[in-house]
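**Student:** Below, each chain spelled out in residue letters.
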Amino acid sequence: MNLQYIKLNSNIYIQLFKAKDFGKLTKKIITDKNGHQKTVYVKTFDDLFKQREKGIKKYIESIRNETIEHSICLDAKGDILVHKIGEKNNIFYTQRELSKMNGAKLHIHNHPNGVGFSNSDLIFATVNNIKEIKMVTINIFNKNESLDYSLKIIHNIKTKEEIQLIKKEYNIIFNEMYKKVQNKVYNGELGQEEIERDFFHWIMRKFVNNHKGWFIYDRQIRTSKIN
Amino acid sequence: MIDKLEHQKLINEFYPNGCILDEDVAMPKFDYTIKKSINTKNKFQYKKVFNRII
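Those protein sequences? They're chains A and B, same order as listed. Numbering follows numbering that gives the first Met the number 0, with no gaps: position 167 of the first sequence is 166. Numbering follows numbering that gives the first Met the number 0, with no gaps: position 8 of the second sequence is 7.
Hints are not guaranteed to be accurate.
Simulated crosslink set (DMTMM-like; lysine to aspartate or glutamate; CA at most 25 Å straight-line) [what the hints assert, rightly or not]:
hint: 1; chain 1: A; residue 1: K151; chain 2: B; residue 2: D30
hint: 2; chain 1: A; residue 1: K166; chain 2: B; residue 2: E12
hint: 3; chain 1: A; residue 1: K157; chain 2: B; residue 2: E12
hint: 4; chain 1: A; residue 1: K133; chain 2: A; residue 2: D217
hint: 5; chain 1: A; residue 1: K76; chain 2: A; residue 2: E160
hint: 6; chain 1: A; residue 1: K151; chain 2: A; residue 2: D217
hint: 7; chain 1: A; residue 1: K151; chain 2: A; residue 2: D78
hint: 8; chain 1: A; residue 1: K133; chain 2: A; residue 2: D46
hint: 9; chain 1: B; residue 1: K3; chain 2: A; residue 2: D31
hint: 10; chain 1: A; residue 1: K104; chain 2: B; residue 2: E5
hint: 11; chain 1: A; residue 1: K178; chain 2: A; residue 2: E192
hint: 12; chain 1: A; residue 1: K130; chain 2: A; residue 2: E60
hint: 13; chain 1: A; residue 1: K99; chain 2: B; residue 2: E5
hint: 14; chain 1: B; residue 1: K28; chain 2: A; residue 2: D197
hint: 15; chain 1: B; residue 1: K3; chain 2: A; residue 2: E96
hint: 16; chain 1: A; residue 1: K151; chain 2: B; residue 2: E5
hint: 17; chain 1: A; residue 1: K42; chain 2: B; residue 2: D2
hint: 18; chain 1: A; residue 1: K104; chain 2: A; residue 2: D147
hint: 19; chain 1: A; residue 1: K205; chain 2: A; residue 2: E144
hint: 20; chain 1: B; residue 1: K8; chain 2: A; residue 2: E168
hint: 21; chain 1: A; residue 1: K130; chain 2: A; residue 2: E160
hint: 22; chain 1: A; residue 1: K83; chain 2: B; residue 2: E22
hint: 23; chain 1: A; residue 1: K56; chain 2: A; residue 2: E86
hint: 24; chain 1: B; residue 1: K28; chain 2: A; residue 2: E65
hint: 25; chain 1: A; residue 1: K133; chain 2: A; residue 2: E161
hint: 26; chain 1: A; residue 1: K87; chain 2: B; residue 2: D23
Keep in mind that the hints were calculated from the coordinates and are not lab data.
Looking at chain A on its own, in the form it has when it is part of the complex (with noise of 0.2 Å):
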C-alpha cells in the first residue's frame, strides 16, 4: 500500500492516507446516442476520499495558522496531485503541476493575512477545472476566529471566453464594492477589522449571487473559547 506524507515546515510529517483502494461500483442508468438506454457500472471513489478525510482534516489545521501559503490537490481516490509550499502571500505552480491538476476534486490552501477568496482562486480554479476549492484562514485581529472558504464549481466552465468574462465580472464587483465601502468607512458605518476580514467575501457572495447554477460558495466561521 502506498502511503503518503507531507512535510511540514517544522519537521513534522503528517500520514495523509491510510486506506485501501477499494473503489465501489455504482450501477447507472445511461441513455446513449441512439437514444436506447442502458445500465452501466461506474467506479466512484466516494467511500474511499471519505476514509481520507480525517488526514484531510488534520492537515487542513496545520496550514491553518501557517505564516507562508500551503496547498495540496486531490484526485477523486484523495490520492495527492500536486503538494507545495509557497511564500507568504503566493504560490508559484508551474505549467507541468497545472496540468496535473485538471479535474481535481479538491484543492486547499491557506490564506496567512486573513482574507477571503481573490479573482486569483476564482480563475486559478475555472482554468483547471477544479470541483471544489477550499481556504482556510484566520481572523487576524481575532485569532480565536477560524474561517473556512469553500467554492464548488458546478457548471462546466471549458472555453476562454467564459473565463473571460468571469474575470472581467468578478473586477466589475470588486470595484462597485471598493466604492460602496469606502463610502461606508466614510459614514463611520465600518471599521477595519470588519473590512479586512469580509471585503473579499462581500465580493465573492455577490459574484455567485450573479452566476447562481455555476457556482456554490460558502463560509464558515468557527470562534474557539478563550483559554
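Keeping the supplied structure of chain A fixed, place chain B upon it in accordance with the hints.
**Tutor:** Just chain B now, kept in the frame of chain A:
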C-alpha cells in the same frame, strides 16, 4: 475533467509563464482617516440638551 489538449490551451492562454496563485490577494487600501466629523442630527440634539442645562 476537460480534454487534456483543451486544458493545455487554457493554461497557455492564462498562465504562459506558470501560475502565481493569490498574486492579487492583498487588501486594497481604504482611507480610514476621512470620516464625517459629527452626525448633523446628533449635533443638533447635543446643542438642545446643552442649552437646557444652562
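**Student:** Run every hint past the structure and note whether it holds.
**Tutor:** Against the structure, the hints come out as follows:
no.	hint	verdict
1	K151/A to D30/B	34 Å, violated
2	K166/A to E12/B	13 Å, holds
3	K157/A to E12/B	13 Å, holds
4	K133/A to D217/A	10 Å, holds
5	K76/A to E160/A	31 Å, violated
6	K151/A to D217/A	9 Å, holds
7	K151/A to D78/A	19 Å, holds
8	K133/A to D46/A	20 Å, holds
9	K3/B to D31/A	24 Å, holds
10	K104/A to E5/B	18 Å, holds
11	K178/A to E192/A	18 Å, holds
12	K130/A to E60/A	21 Å, holds
13	K99/A to E5/B	13 Å, holds
14	K28/B to D197/A	14 Å, holds
15	K3/B to E96/A	13 Å, holds
16	K151/A to E5/B	21 Å, holds
17	K42/A to D2/B	20 Å, holds
18	K104/A to D147/A	17 Å, holds
19	K205/A to E144/A	23 Å, holds
20	K8/B to E168/A	22 Å, holds
21	K130/A to E160/A	20 Å, holds
22	K83/A to E22/B	16 Å, holds
23	K56/A to E86/A	22 Å, holds
24	K28/B to E65/A	24 Å, holds
25	K133/A to E161/A	22 Å, holds
26	K87/A to D23/B	13 Å, holds
Checked against the numbered hints above, the structure breaks hints 1, 5 and satisfies the rest.
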